[in-house]
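Full structure from sequences and hints, please.
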Amino acid sequence: MILSVPATMVGVAETGAGLVNTPWGPVTAAMLLKAVFVLTLWAAGVVAAFSYIAAARDACDEEQHRIAAELAAFERFAGRVRALTPETPSPSTTPTPAGAVEPPDRSPVTSGTDGLAAARDAYRETVMAVDHFEEDYDETLAEHARAELGPDAGGALAEGSDLTPGLQSVLAERADAAATERREFLGRLDEEARDLAETERRLSALLAESSDLVTDLERPFGTLEARWRRLDTLERHIGDVVEERTARVADDDAAVPSYLYGQFPVPDPVLADASAALGVVRERREQVTDALTRAN
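In the numbering used here, the protein residues as written are 1 to 296.
Fair warning: there could be bad hints in the mix.
Claimed, not checked - Just the calculated beta-carbon pair ranges, DEER-fashion:
id, residue 1, residue 2, range
1, Asp253, Gly160, 32 to 38 Å
2, Ser51, Glu173, 42 to 48 Å
3, Arg236, Ser169, 22 to 28 Å
4, Phe264, Glu143, 46 to 52 Å
5, Ala69, Gly239, 37 to 43 Å
6, Asp240, His65, 39 to 45 Å
7, Asp61, Arg230, 22 to 28 Å
8, Asp216, Arg183, 29 to 35 Å
9, Asp251, Ala69, 52 to 58 Å
10, Ser211, Glu143, 35 to 41 Å
11, Ser211, Glu184, 37 to 43 Å
It is worth saying that the hints were derived from the structure and are not from the lab. Being a predicted model, the structure only gives us computed values, none of them experimental. Backbone N, C-alpha and C fix where the C-beta goes; we use that ideal spot for every residue, glycine too.
Shown next as structure tokens:
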């Protein structure tokens with residue numbers, strides 16, 4: 001038997017322009033059908049609840065590992081650049097007070113050209129050596145260095161001829177800046193991971209309580225009425241989760257980039273699971289309503 005879950009069960013209504021209003025805002029009909037499909041599976045007991053949140057936690061965890069690897073790589077690159085010997089002008093001979101000429105200093109030095117080649121090697125062996133580089137970037141040194149270090153410094157690293165003291169300083173500073181950006185982004189991912197875990201905990205508790213409220217419905221009218229009111233309260237609590245997540249998604253300082261959940265078939269994993277949970281609680285409240293009708 002194929003279960004059919006009405007759209008009203010997830011609190012939606014038709015709008016114009018091929019969009020449907022949902023608790024998280026207008027979405028396309030295709031997105032809604034996928035969310036309703038998940039809800040249908042919930043009702044059938046086929047899959048565990050909050051599958052989108054679980055997938056989001058996995059995606060967030062994977063991204064944390066990748067960003068942490070890039071952070072460490074840029075820190076290593078900056079350290080290796082600072083350890084290089086840039087090209088510095090020095091006379092080949094040194095006059096003596098008596099007018100004699102001493103022989104040139106023949107101690108080994110690193111030329112500016114060799115230093116720049118070493119800097120390129122360092123970039124390949126650190127920043128471009130992270131495990132996910134080909135999957136996420138698949139760029140040449142010139143392309144990636146320009147994107148991360150800026151067109152000027154990145155271009156000089158890729159195509160320059162000498163490692164001057166000025167270029168050495170700029171490369172190290174830009175690498176530090178790239179590491180700082182990733183450190184800050186890691187903080188946002190940490191917040192997202194905590195938000196996902198807390199939301200999953202809240203929704204799990206609310207859904208579990210709603211399940212208890214629809215067991216043994218052959219009860220006195222007063223008992224059933226109290227259950228109906230409690231289910232109404234649970235619905236409002238889930239609505240709070242939706243509102244809080246909606247505000248977080250709209251906050252540029254808190255939201256994670258869209259690419260993190262870009263492959264998901266729903267606009268946002270938390271809003272999808274919360275809205276599905278909302279539909280389940282409403283359906284259970286209808287069960288109590290039917291029992292109230294019979295008990296009256």
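Comparing the hints with the structure gives:
no.: 1; hint: Asp253 / Gly160: 32 to 38 Å; verdict: holds (37 Å)
no.: 2; hint: Ser51 / Glu173: 42 to 48 Å; verdict: holds (44 Å)
no.: 3; hint: Arg236 / Ser169: 22 to 28 Å; verdict: violated (58 Å)
no.: 4; hint: Phe264 / Glu143: 46 to 52 Å; verdict: violated (28 Å)
no.: 5; hint: Ala69 / Gly239: 37 to 43 Å; verdict: holds (39 Å)
no.: 6; hint: Asp240 / His65: 39 to 45 Å; verdict: violated (32 Å)
no.: 7; hint: Asp61 / Arg230: 22 to 28 Å; verdict: violated (35 Å)
no.: 8; hint: Asp216 / Arg183: 29 to 35 Å; verdict: violated (54 Å)
no.: 9; hint: Asp251 / Ala69: 52 to 58 Å; verdict: violated (27 Å)
no.: 10; hint: Ser211 / Glu143: 35 to 41 Å; verdict: violated (54 Å)
no.: 11; hint: Ser211 / Glu184: 37 to 43 Å; verdict: holds (41 Å)
The structure does not agree with the numbered hints 3, 4, 6, 7, 8, 9, 10 stated previously, though it agrees with the rest.
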